[in-house]
Amino acid sequence: MNRPATPTGDHRLLAAWSDTGRPDSYDAHLARHGNPPNADGRAWRERLIAEVTHSGLGGRGGAGFPTGRKLAAVAAGRGRKVVVANGCESDPGTHKDRVLAQYSPHLILDGALMAAAALHTNDIFLCAHRDGPTYQALGQALTQRPDADRFSLVDIPARFVASEESSLANFLSGGDARPTSKPPRVFESGVAGRPTLVSNIETLAHISLIARYGAEWFRSLGTGPSPGTALVTVGGAVRTPGVLEVAYGAALPDLVASVGGASEPLQALLIGGYSGCWVPDSVARTLHFSHEELRAAGTTVGVGSVLALPAGACGIAETARILSYLAGESASQCGPCMFGLPAITADFAAMASGAGANDRALAARLQGRLSVIAGRGACGHPDGAVRLAESALRTFAVDVDAHLHGRPCRGAGALPFLPIPRRALSLVG
Amino acid sequence: MTRGPRWTLKVDPIRCQAHGLCAELLPEVVDLDEWGYPLLPGEVPPLLLSEARAAAAGCPTLALRLVHTD
Ligand code: SF4
Ligand code: SF4
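Which chain is which? The protein sequence lines are A and B, in order. Residues in the first sequence are numbered from 1 upward in steps of one, following the working numbering. Residues in the second sequence are numbered from 1 upward in steps of one, following the working numbering.
Just so you know, the hints here were simulated from the structure itself, not pulled from any lab data. Don't be surprised by glycine CBs; every beta carbon is placed ideally from N, CA and C. Careful, some of the hints might be misleading.
Unchecked claim - Derived Cβ-Cβ restraints for the label pairs, each shown as a range:
#1 150(A) <-> 8(B): 43 to 49 Å
#2 10(B) <-> 359(A): 52 to 58 Å
#3 57(B) <-> 50(A): 45 to 51 Å
Bound-form chain A, shown alone:
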């Protein structure tokens, strides 16, 4: 088969969607990209890992860890390796992974094959929630492929921390889908004690393109520290919420404009997911979507979502609801998480409702709690909640002060704005 032309333009992962508006079938995918390269011995494997490292690809599941280093760490482990493709996408405000799975499932599957080839293994698990669109889309895509028997599609419980890497490894080893103590990390001892690569499905899709077109091609878009393109969920108070593929370094106002612009005046953006950070709209207008700029602005790329909060909503009440959701999603194994998250949720709820107005100790108590929770769980779940809470205190400082002095802002009684799965609503009214 002739190798198709090297893709140009910003739509690398979502080319099928931008060209045809339809998902790529396996045949359409092969016509677009050709077959992935054939694995060929140890030198080939080392070259592929070096190429991924040189590409600068970072993980797209939240932490942004360099994928090449992760591959190399797993490759250096002893015994047979395992590849776990993480398509759980637990964050309620994020949809990028399901959109990718729906439009370009074969990039994900090729990427998992390439990662497995780099690690010289045949063991590939595809993880998603059975009732969700990613599971359906991957299952459908597998029926089109001659190599479908190389993949095991696994239903993961629909809980937030079930998709944490040690949760997945423990679940695939026959245990609960709850995080386990570190050390060991999964790259040393994961599924059945074997060195395990747990990789987000967007990350794997990028690997499949890097294996075909090379690191230099990958780096030709994006910024130096944040090369390539990224899938971004843009939602909240925008006219046509959706998922975009943009080169890193795109201006945040352009992202908002790409989804029809703000549907009403904004006060803040929640960037990086429900474990991310609030940024005032006035600051967000000056920022570009890259690891380096978002980090400097006190937030994170996280799971790649940008959610716009309208001026009329109450940032404190919204944060209280998200915290309540996160507290309810604790795996209830570690004290600082299982007791700390409900405690800061209660503080935020009291502040939001105005019930905390006469509680002079509230602000100090909340600060004290926030300062001791992070870093003390077996996984990063509590750290994300603390990050969110601290960013809310900074971003909505004027409102916080008003709430604490018995003058809740006008949005406090408004209906919830950001989506919260039903389970959580009992904790905060």
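Once you've looked at the hints, dock chain B with the ligands against the given chain A.
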């Protein structure tokens, strides 16, 4: 200048059941948070190493370990 190895107390947060024994055995170093879980110092001072070892050994759930950081 030479210096000896440095030691830190680490707790496995899943194992720890907030018995608080560590804070009793090593009050100079271990505080408990409001829920009864230990807040651990960065480094254990050399003079308290044997107490730290005893606290680790005494933890009813074996959640506490004294680890080498150099
Ligand atoms: S930190 Fe929280 S979510 Fe993570 S393992 Fe511990 S209890 Fe579970
Ligand atoms: S003695 Fe062990 S179980 Fe008890 S609080 Fe200390 S570390 Fe936790």
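45 to 51 Å as the expected CB spacing between residue 50(A) and residue 57(B), which holds or is violated: Taking Cβ atoms as reference, residue 57(B) and residue 50(A) lie about 46 Å apart, which means the hint holds.
Hint check for residue 359(A) and residue 10(B) - Cβ pair distance inside 52 to 58 Å: 35 Å, violated
Cβ distance range 43 to 49 Å for residue 150(A) and residue 8(B), holds or violated: 44 Å, holds
When each numbered hint is compared with the structure, a violation occurs for hint 2 only.
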